[in-house]
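Visitor: Here are the chains, one letter per residue:
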Amino acid sequence: MKLSEIKELLQCEVLAGEDDLSVDIQQVVASDGMSEILAFAKSRELMITGLTNIQSIRTADVAGVSAVIYCRGKRPDKKVIDFAKQKQIPVLVTPMVMFDICGILFNRGLKGVS
Amino acid sequence: MTAMELLRECYEIQGKNFDKAGEVSGEIKVVLRDLGIDAAHLRRLVIVAFEAEMNVVMYAQRGTMTLIVTEEDINLETTDEGPGIPDIELALQEGYSTASDEMREMGFGFGMGLPNMKKNSDEFRIESNVGKGTSVFSKIRLPAHE
Ligand SMILES: Nc1ncnc2c1ncn2[C@@H]1O[C@H](COP(=O)(O)OP(=O)(O)O)[C@@H](O)[C@H]1O
Ligand SMILES: [Mg+2]
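Sequence order for the protein chains is U and F. Residue numbering for the first sequence follows our numbering, beginning at 906 and increasing consecutively. Residue numbering for the second sequence follows our numbering, beginning at 302 and increasing consecutively.
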C-alpha cells in the first residue's frame, strides 16, 4: 500500500517528505520503545510511535524504515522535523491512537514484524 | 597475516547528553556508506553502534568509540568511564535493565540493547571494571570472509 493511501486512511498531516508519499509499504513496526524497533525492524517498514524526540528519527534512520507516523496527535519539535528532512525520512502525524491505527492497517492487509 | 586496514576513526561520546545521543552512530553510518560497505552489514554495525552509544550516554560519564574497518571485517570498540557492570551475564539477559523512568520515556531502557548488539555481531565481548568503566567489542565479518 502506498504511503499516500495510509495518509488518507489515518487522516494524517504530513510534517516532512510531502513529495515522497509514493513509497510502497508492506510491513509495520509499532512501538514507543526504540530498542524494540531496532531489534525487530528489518528495513523499509512503516514505523508508528508515540515518541517524538530526536531519538525517534535517529532510530528510524538506523533501522532503515521508510516513514514515521506519530500517533495521538503528538508533534515533534521543529528541530526533529528538520532532522527528518535532512535524513529524507517522511514524517506524518495522525490524531488516532496506536490501537486504532494498527487495527485499520491490519484490516487492509499490512503485516507486522516478528 | 593480518588484513589490510582500510579505515580507523575515533569518536568521543558525552555521558548524559541526550540531545547529542546518536550523533556518533549517525557519523559512523555516513563513513561506512562512503567506504562502500553494503547495506546489510552497514545496518547491523550501525545498530550495534547506536545501542552502545545510548548505553554510554545513559550510564557513563564519557566514552570513546573506535571504528576499524579492514578488508575482512568491521570492528567497533566502545570504552567508557562509568559505573561498570557488576554482573555481565545478567546484563546480557533480555529484559534486564537498571534504566530510570526518564530513560524509558526517551524510548530506551527495556533491556534489549546488549542482546540485540550481540545478535547483530559475529563476535561480541564485554569487559568491565566496577567503579571504573566498561568496554564493549563487536566484530562484523564482511562478505567473502563470513
Ligand atoms: N556502558 C555501561 N555502563 C554501565 N552499565 C551498563 C552499560 N551498558 C549496559 N549496562 C547495564 O546493562 C543493562 C542492560 O543494558 P541494555 O541491554 O543495553 O538495556 P537497557 O540499556 O535498555 O537497560 C543496563 O540497564 C545497565 O544496567
Ligand atoms: Mg541499552
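The hints are simulated quantities; they were obtained by calculation from the structure and are not laboratory data. Mixed in with the good hints, there may be bad ones.
[What the hints assert, rightly or not] One-sided excerpt, in silico: chain U residues whose CB lies under 7 Å from chain F:
1) V928
2) A944
3) L956
4) R963
5) V967
6) G969
[Unchecked claim] List time: in silico SDA-like cross-link candidates among lysine to any residue, alpha-carbon distance up to 20 Å:
7) U:K992 - F:F438
8) U:K992 - F:D374
9) U:K990 - U:S971
10) F:K419 - U:K983
11) F:K321 - U:D982
12) F:K317 - F:K420
13) U:K947 - F:D339
14) F:K433 - F:G316
15) U:K947 - F:A341
16) U:K947 - F:R344
17) U:K1016 - U:L920
18) U:K983 - U:I959
19) U:K992 - F:K317
20) F:K433 - F:Q362
21) F:K321 - F:A341
22) U:K992 - U:N958
23) U:K992 - F:D388
24) U:K979 - F:Q394
25) U:K990 - U:R980
26) U:K984 - F:E328
27) F:K321 - U:S948
28) F:K420 - U:L920
29) U:K992 - F:L336
30) F:K420 - F:E406
31) U:K979 - U:L920
32) U:K947 - F:K321
33) F:K419 - F:D374
34) F:K420 - U:K990
35) F:K440 - F:K321
36) U:K992 - F:G316
37) U:K947 - U:F1011
38) U:K979 - F:P444
39) U:K984 - F:K321
40) U:K947 - F:E403
The beta carbon of each residue, even a glycine, is placed where N, CA and C say it ideally should be.
Visitor: Which of the numbered hints above does this structure break?
Guide: 1, 7, 8, 10, 12, 17, 19, 21, 23, 24, 27, 28, 30, 32, 34, 35, 36, 38 and 40
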